[in-house]
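Visitor: The residues making up each chain are set out below.
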Amino acid sequence: MRKLTFLLACLLLVGVGLVHAQSKSISGKVLSSDDGQPVIGATVLVRGTTVGTITNTDGVFKISIPGNAKDLVISYVGMKTVQVEATPDIIITLASEDKLFNEVVVTAMGISREKKALGYATQELSGDELSTVKSDNFLNSISGKISGVQVKRNTNIGGSTNIVMRGSKSLTGNNQVLFVVDGVPISNDNFNYVAPTASGSQSTGAVGYDYGNAASDINPDDIESVNVLKGAAATALYGSRASNGVIMITTKKGKMSNTKRVGVTINTGVTVGFVDKSTFPTYQNKYGAGYGAYYDSADGYFLLRDINGDGVDDLVTPVTEDASFGAPFDPSKKVYQWNSLYPGLPNYKVATPWVAAKNGPITFFENPVTYNTTLSIENATSNGSYRLSYNNLNQKGLMPNSDLTKNSFGFNGSWKVTDKLTASGTSSFARQSMTGRNSTGYNDNIMSSMRQWMETNVDYKDQKDAYMSTGRNITWNPSYSSETDLQPIYWDNPYWTRYQNYETDSRDRYMGNLTLDYKIADWVSVMGRVTLDAYNQQMDERRAVGSVPTTFGLDRTDQGSGYYRKDVNFNEFNYDLMANFKKNITDDLNFTGLLGLNIRRTFNNSIASSTNGGLGSPGVYSIQNSAGPLPFPVETAEKIGVDGIYGSASFGYKSMLFLDATIRQDHSSTLPVANNTYYYPSVAASFLFSNVMKQDWLEFGKVRLSYAQVGSSAGFDQLNDSYSVITPFNTPMSSVGGTKKNPDLKPENTASIEGGLEMYFLKRRVGFDLALYKTNTTNQILPLSLSQTTGYSRMNINAGEIQNKGVELALMLTPVVTKNFRWDLKINWSKNDNKVLSLIQGVDNLQLGSFQGNVTLNARVGEPYGVLLGTDYTYANGQKVIDASNGKPVKTATADHVIGNVTPDWNGGLQSTMTYKSWSFSFLIDMQQGGDIFSLDMYYGLSSGLYAETAGNNEFGNPLRNPIVYNNPSVGFASGYASTTGGYLNQGVNVSSTGVITPNNRRVSATTYSGFGYGAEPNKAFIYDAGYIKLREVSLSYSLPAKLLKGAFIQGLTLTAVASNPLIIRKSLPYADPESGLGSGNVQGYSIGSLPSTRDFGFNVKLNF
Amino acid sequence: MKKIFITILSAALVFMSCQNLEDLNVNTKDPSAVKGETLFSYAQKNVVDQMVGTNVNFNIFRFFTQQWTETTYLDEVNYDIVTRTIPGNHWNTLFRLGLKNLDEATKVLTATPVVLPENSIIRKNKLAEIEIMKVYTWGVLVQTFGNIPYSDALDVTKPTPKYDDAATIYKDLITKLNVAISKLDVSDEGLGAYDNIYQGDASKWLKFANSLKLRMGMVIADYDQPLSKTTVESAVASGVILENADNAALKYMANQPNTNPLYVDLVASGRSDFVPANTLVDAMNALSDPRLPFYMSQVDTSSVANVEKLAYVGGEYGFSNTFSAFSHISKKIQQPTFEGLILDAAETEFLLAEAAERGYSVGGSAEIHYNNGVKASILYWGGSQTSVDAYLATPKVKYTVAASGTTWQQKIGTQAWLALYNRGWEAWQEWVRLDYPVFVAPSTAQSEIPVRLIYPISEQTLNGGAYKAASAAIGGDLVSTKLFFDKH
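Each protein sequence line maps, in turn, to chains S and U.
Positions in the first sequence are counted from 1; adding 27 to them yields this note's numbering.
Positions in the second sequence are counted from 1; adding 2 to them yields this note's numbering.
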């Protein structure tokens, strides 16, 4: 808090002038009455003038005062202001005001406000809370620390993090939080995010990469503090962008060090990760390759080929098959496996024992190692300050050949040009380079092979050796249509995939602003600011000659090799002009006001190209190296402009009653002229009842109430129809667009009402902040799915209403405080009830995403956002109906049954921090209750016989996969099952054609694939609870005590040991992390071929000079 | 100071108000106007791709008549058409990519001003050719599903279009086809290079339209005999496709995305999903059919190592098959430029044979047309006249011999099925109408062999009211529901 208030003190000093010539100079020191420590950054003003300074890190100030001046006014946020006579070497003691309750926070538009005056909920995090336990994406560090914010990270390297506040409000639009850095919104585009109009995008599980989200360019070490503005009243000044909540980031500014010389900080650490085995499959180890017993050999499990040339056919693994429903393992049986088919391999023409792989898929993973170093240099004088920082992050991923490197430079400076004019600016440049992101989705994803389609007899170390020794795509899964046909059929050698078919991408990000503050008078100042946020991103995808053909390139056709490149060029300019007013109308009534305008222009250009029909020359990855004629590149050029005018007025009465009102007018380029100017109002009130009640037990009590309307505009080009140009087929071709545009769109509107209660008791050792809210988002701009008999697949309309109602509770406890020991607990809990109230007349379902297996994600009237629809069990008399002919459950005929919902019931976090002298220990438990996830991995993986569940024994003690045996084989089922029977029995009932209900006694035969998994159960069977309890962060740090460093060159040394995600305490989703979805965006609740999660352990050293 | 502030503020306000923000929202990369012909090209390609492809998500009709089967993944051969939303993909491709673009092509061409007098004839031909393509596409939809949105369709102001009666639509299509035929002027050009079937040749379009009319006439033979008869006879009088040279076939190119979609599914994908089914291969082996080498490859059936014994072997329909143990789809079919046939002389001749059997006056006996059909098919696939003659002389083939079947449905049905190899939808339709040959569904099948596709799941969710009414009107949305023309 001190740091923050210091910053604010700097800000408040805008316009505080310096003294010249005929003045006398005096110095002094400011101490705190609490602990006798120096007060850093206290404001020292010559009364009645604008002459002033601030205290340095020793609490010392030196000021030149005009000859006629007499008194000094010393103030510090959180302490009572004092007025003293100016005498040399004066020592001033400041008494603490209700320190906590005068906390100043940064609110919308970068305005600092006293927290107690706010009529809406905010919650803060310090930079340390985000940067102690680091992640490659600082967004992940917010998880569990703020109530009402749902953070869903995933396991993709450099992947995107889904961050939604107070529930999804927009049916199909962006629901991601807005990030504002030093008062300026920045891009958090997700490159995996594709609107549901484009079927087969990465976000719905088609082949592709999660290219991360752009806010991850921010270096957590540069963050001074984060303030989370949750409700619409808090964010209404941002107008069209405010509907999803705002995360305000304040970056570090230069500070004066104790030694008065330039302060240097080095913060460096290393983290090593280990696969969390609970998020990776447990394979069965009893059966090998095959889909059943229908191949050439007598037992049906093997191919017969004369491999060794002795004229007698030999047993050969059915290598084409990517399932494990084959022969039972038998070490005495010698079989020619994949590695005996390739000349040059040590086992060429050598039969090996038929056993489960010694080195299973888990041996494929490497331990990810992350190095992270930040170096910063800073200084401050009464005339200005600067801070320079450099960060280097290098992360080696879980899979071979994955590497993420980030280098960023930051500058933050301010200079007092004249008494009244201050210039300041920030500038940062970040370059991120990535090699080998993991592919996601179904096709061409090593993880979907490991989780759905593989042979348990394949030894991954042998695969590694085969690739490493030859450099060729020697796969376990060749076509083998003839003995010389060793072209891979479904799966490449995974090492070939990693070392040959890798992607690369890079992003250069520039962010910066120039600001001029001018203090016109005591009560009014004006600020002008120009901001740029820009990046260039290049994404390259490769496919080497000799790979399995898969969906690749622009046309998304099957290509055996190729090169794809996409370049994105984004820039956004914000021009702001803002006047701040502050006036005490009477002693009891004060006023602060704001009047501003914002001009925003966003340009987003991209071009994508790819080769066609493969590469001309192998190994040359360029567009011109295309084997066939090029498909038309896809170019986009989006331009968006919004002009906003806004104002706010705040009144405070006796520091007890506060009233805020804001209004913003937006004029947006993306809406039709008739509807493109609109208003967003808000009002908020708060009342400090503790100032009236004056009870001993109650330190602080506040109620607050607010109402606001915010909304969003349309995306680019949603109004007018255009045609799509198609790659020519002899002659040019074109098509009517898939989505019918709408020239009459209106802005979306979110109306929100919020109330809150904040109280502290027992000398502030117990406190809570409770918020209740309700938001209704209406007039949603959405691409409504249409019956394609209309000629369109979608139509842009304004319709629909989503309601979010919720409770957020933050509980602060300090169970123990002694002289040397302190224990703080912070508990965050939030519950959001989301409901789709309406769509469009006559339509009660809107499809948001469509997964494999015919499971869809939908917004459905009367249900929470994000219901999963699919096939369900059917029931009779409350019991599952089982098909009497095959023993499998009878599925519903249609796939439109509600089988789950992705929205969690509640989220919570428990943060505990204990400090003892120079030691600090903290941990964070993060939890989600409820929310469903569809596992395609289980859907297919059970069916292909990979998992342990498919190789157990039945109630007779016989292997499940043994055939069904009847007492009398010639009579069959009617004679009953023999005690030697295999298969399994589903509990439920049979319903005869005449409707007679009898208990099921027909067993399911599980001798071939589909005995389990998708062939045996409806979609509902693969819906799992996505809830979890995770030990998210643990850290132990030790700071060298100040007295040991006295006089030393080193000013501070902190050693920290951290663990990130060391333990998943509870989860229901088998073999995978319920958080590991495809990426951020509206399509959630789909577990498909994700990487396992890692337990990360790290060590960090922070040095100050 | 205040003055400066006010000046800056007003300057900014002026800047804001002067700029025309709306100009930013212009898509500068995609055209707002195109030539109608370009829309036709795309529609035609999509419709033909859908009809000839074998992607398991789009077209699985080859399985319904057991010409092909699957090797490892057996959902579709067991008639699971829901998991992959196959009806929806068939429906959406034909409605949105096909009919919508054809409709738009008509609109754009109609709105394009005619400059020279001769252009009006060309435009008339263009519009007639587009119309014929539309009738073709609508016809496929009606025959596949039954009642469908028609009068309300392709109109976004009616987001939940009602379904019209299938028979009524079908009759209206015949009327529209007659009008289109009457507008074709064979003395002049049509769509030219934009038409990848006939290069706009109006005389060939006339033959195609008449053949389509013949087919549509025969489809309703059991439903409305008088209309069937007049439709068929007038089509024949005006001239149908009798030579392979007049076949309606899309000429594909060597490179994706403009290859035959079979190339994508069979070759480019690198997969081994399909083999000819034993039902077909056994039947052809029994006839020593000369088309076998053009339809599929041989496979070594010797159980002795290093001794080759080549034969045509089909995979067991509906069950797991090891790819390497069975005949494969022929190399001819796997060529990227293999043409996409949607109507040909063989099909026409078999329809004429049927018409003759039904007593329609189509010139020539059923036997002549049957023989012509067999001949056209063998020659089309690359067989010789000698093999045609020998084949037709075989007792099991010879029309007038009992061995070739006891009823004309049996005789024509069997040979049409063999000729319509690789024409999954057409072969299936002939089977639905003639009920021959007899196919046995695998024991693992999820349903009977479909005689129609169920409506797309998306219609249930997006157009529920109209869907329910249509479902009731046709007697239930089931694969076993017989459509209006399917009387037997």
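Keep in mind that a hint or two might mislead.
[Stated by the list, open to error] BS3-like mimics (lysine-lysine), calculated; alpha carbons at most 30 Å apart, straight line: (1) S:Lys282 <-> S:Lys107; (2) S:Lys768 <-> U:Lys231; (3) U:Lys37 <-> U:Lys178; (4) U:Lys126 <-> S:Lys593; (5) S:Lys907 <-> U:Lys470; (6) U:Lys400 <-> U:Lys470; (7) S:Lys768 <-> U:Lys470; (8) S:Lys1047 <-> U:Lys470; (9) U:Lys253 <-> U:Lys334; (10) S:Lys1129 <-> S:Lys1073; (11) S:Lys361 <-> U:Lys311; (12) U:Lys231 <-> U:Lys185; (13) U:Lys398 <-> S:Lys768; (14) S:Lys282 <-> S:Lys313; (15) S:Lys915 <-> S:Lys89; (16) U:Lys160 <-> S:Lys773; (17) S:Lys376 <-> U:Lys311; (18) S:Lys304 <-> S:Lys97; (19) S:Lys56 <-> S:Lys282; (20) U:Lys484 <-> S:Lys768; (21) U:Lys311 <-> S:Lys666; (22) U:Lys178 <-> U:Lys126; (23) U:Lys31 <-> S:Lys773; (24) U:Lys484 <-> S:Lys915; (25) U:Lys489 <-> U:Lys231; (26) U:Lys37 <-> S:Lys666; (27) S:Lys832 <-> S:Lys1094; (28) S:Lys862 <-> U:Lys160; (29) S:Lys282 <-> S:Lys609; (30) S:Lys768 <-> U:Lys109; (31) S:Lys51 <-> S:Lys89; (32) S:Lys142 <-> S:Lys609; (33) S:Lys361 <-> S:Lys376; (34) U:Lys489 <-> S:Lys768; (35) U:Lys178 <-> S:Lys862; (36) U:Lys398 <-> U:Lys470; (37) U:Lys398 <-> U:Lys178; (38) S:Lys862 <-> S:Lys1094.
By construction, these hints were calculated from the structure, which means they are not laboratory data.
Visitor: Against each hint, give a clear statement of whether it holds in the structure.
Guide: We went through each hint and held it up to the structure:
| no. | hint | result |
| --- | --- | --- |
| 1 | S:Lys282 <-> S:Lys107 | holds (23 Å) |
| 2 | S:Lys768 <-> U:Lys231 | violated (46 Å) |
| 3 | U:Lys37 <-> U:Lys178 | holds (24 Å) |
| 4 | U:Lys126 <-> S:Lys593 | violated (44 Å) |
| 5 | S:Lys907 <-> U:Lys470 | holds (27 Å) |
| 6 | U:Lys400 <-> U:Lys470 | violated (48 Å) |
| 7 | S:Lys768 <-> U:Lys470 | holds (29 Å) |
| 8 | S:Lys1047 <-> U:Lys470 | holds (25 Å) |
| 9 | U:Lys253 <-> U:Lys334 | holds (14 Å) |
| 10 | S:Lys1129 <-> S:Lys1073 | holds (17 Å) |
| 11 | S:Lys361 <-> U:Lys311 | holds (28 Å) |
| 12 | U:Lys231 <-> U:Lys185 | holds (22 Å) |
| 13 | U:Lys398 <-> S:Lys768 | violated (60 Å) |
| 14 | S:Lys282 <-> S:Lys313 | violated (65 Å) |
| 15 | S:Lys915 <-> S:Lys89 | violated (86 Å) |
| 16 | U:Lys160 <-> S:Lys773 | holds (21 Å) |
| 17 | S:Lys376 <-> U:Lys311 | holds (25 Å) |
| 18 | S:Lys304 <-> S:Lys97 | violated (72 Å) |
| 19 | S:Lys56 <-> S:Lys282 | holds (18 Å) |
| 20 | U:Lys484 <-> S:Lys768 | violated (39 Å) |
| 21 | U:Lys311 <-> S:Lys666 | violated (68 Å) |
| 22 | U:Lys178 <-> U:Lys126 | holds (14 Å) |
| 23 | U:Lys31 <-> S:Lys773 | holds (24 Å) |
| 24 | U:Lys484 <-> S:Lys915 | holds (29 Å) |
| 25 | U:Lys489 <-> U:Lys231 | holds (17 Å) |
| 26 | U:Lys37 <-> S:Lys666 | holds (27 Å) |
| 27 | S:Lys832 <-> S:Lys1094 | holds (26 Å) |
| 28 | S:Lys862 <-> U:Lys160 | holds (28 Å) |
| 29 | S:Lys282 <-> S:Lys609 | holds (27 Å) |
| 30 | S:Lys768 <-> U:Lys109 | holds (18 Å) |
| 31 | S:Lys51 <-> S:Lys89 | holds (11 Å) |
| 32 | S:Lys142 <-> S:Lys609 | holds (17 Å) |
| 33 | S:Lys361 <-> S:Lys376 | holds (12 Å) |
| 34 | U:Lys489 <-> S:Lys768 | violated (44 Å) |
| 35 | U:Lys178 <-> S:Lys862 | violated (49 Å) |
| 36 | U:Lys398 <-> U:Lys470 | violated (47 Å) |
| 37 | U:Lys398 <-> U:Lys178 | violated (41 Å) |
| 38 | S:Lys862 <-> S:Lys1094 | holds (26 Å) |
When each numbered hint is compared with the structure, violations occur for hints 2, 4, 6, 13, 14, 15, 18, 20, 21, 34, 35, 36, 37.
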